[in-house]
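The sequence shown begins at 1 in the UniProt record's numbering and counts up by one.
No lab work stands behind these hints: they were computed from the structure. Heads up, the beta-carbon is just placed ideally off N, CA and C, and yes, glycines get one too. Don't take each hint at face value.
Said to hold, decoys possible - The calculated label-pair distances, taken between Cβ atoms and stated as ranges, are: (1) 325 to 181: 40 to 50 Å; (2) 194 to 230: 21 to 31 Å; (3) 116 to 241: 54 to 64 Å; (4) 55 to 203: 25 to 35 Å; (5) 323 to 181: 44 to 54 Å; (6) 325 to 196: 42 to 52 Å; (7) 177 to 355: 43 to 53 Å; (8) 185 to 333: 27 to 37 Å; (9) 120 to 355: 37 to 47 Å; (10) 333 to 59: 34 to 44 Å; (11) 229 to 193: 17 to 27 Å; (12) 241 to 190: 50 to 60 Å; (13) 241 to 108: 30 to 40 Å.
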Amino acid sequence: MATHAEGDSYTRTNPPPTKTIPMDDNNPNYNNKTTDGIMDIRDENLASIEIAVQSIILVVAIISNSFVFAALCCQRRFRPTSRMYLFMLHLSVADLLVAFLSLLPQLIWDVTFRFQGSDILCRVVKYLQVMVLYLSTYILVMMAVDRCRAVCWSITGHWNSLRAAKLMIVGAWVLAFLAAIPQAIIFGKMEIRPGVHDCWAHFEQPWGEKAYVTWFVLSIFIIPLIVIAASYGFICYTLWIYDEEHGRSGDVIALRAVGNGTGGGDTVTDSCRLYSRRVAGVSNPNPISEAKVKTLKLTFLVVVCFFVCWSPFCITQLVLTFNPPSPDAQIGSVEVILLLLASLNSCTNPWIYVAFSGSLLNQLRMCLGLGLTRPKDIASIGDEEPQPQQQQPTNKLPSTKSEMV
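Please work from the sequences and hints to get the whole structure.
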């Protein structure tokens, strides 16, 4: 069983949006290639839209991730490397690899219509296209797990070392290399019809295609989403428990007013309990610093973009696999556009970084020679704890004796 993995989907194995028709068809909207009396054509209007969209995504992904990568490299020269910045650096590298090893070959493939290269090149291209997608996804997963460890271990007094983050990043790379191996085995350069060769997927059993696409969706979307959701769920639960135990417990102040009572000089003692939320950095520094909260917001937004970009891709992939179009039918323009959204995720991450990090924005502006735009954030994203501000002396309670209970 040999089926085609269309360029606009990195693993889809359904027939491409082409038709095989007699040679006398002269439709100007189709690109005609004649082979042994048979025309191999495609919808040029749809192909033009696809090429234009991918070109825009490619340019934006390269420029934005290159700027963020340069800013992060400059950042490392002026401040200690934190775990969060390390994850951001590797995610920028992964997104750049998506642009150069996945989007660019795909764009060339769409321009040439049929894959132009040897069998080995076909397998290498298909392997790298999926490997970098796995890498970007698994680094996002490791970021979520690291944020969970940072928040929850911070509360219990433990410390997450930079070495642990490096091991998690190495694990993401190893998993990405391993998960993409089936791609190089399934795909190869073969003759799809007399005189027409392309990079196609081959399955020995009819159920092989469905099994592989299901595995791909599980490994790159469903399982990572479950891990990420569990990490953020545990973070929210831990913060809620911490707020319940510490947020409403305040300083108990007993006020005793001493004076002449009406009952023959007896002392009258009145006491009251005053509750106030503790202020971080004053009496009991909050282990969940503003920097960590800001980091959580950034990571959560990155994950939301991941879900929005990947869910249409995976759903369309499954629909086309389990309910494939007829051999003479073309894949609609809506399906093609949905299959492009996964690549859009590589463009959103760097802009989120810049929006959440004033210090990173300043580094980016300095790299571009634009100068600083605002003072450095005290609570920048990362793991550096902000220094507690010096507290001004407060006035003591007049003519009363206060006790901390």
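TODO: May I ask which of the numbered hints given earlier this structure violates, with the numbers listed in increasing order?
DONE: 1, 2, 5, 6, 7, 10, 11, 13
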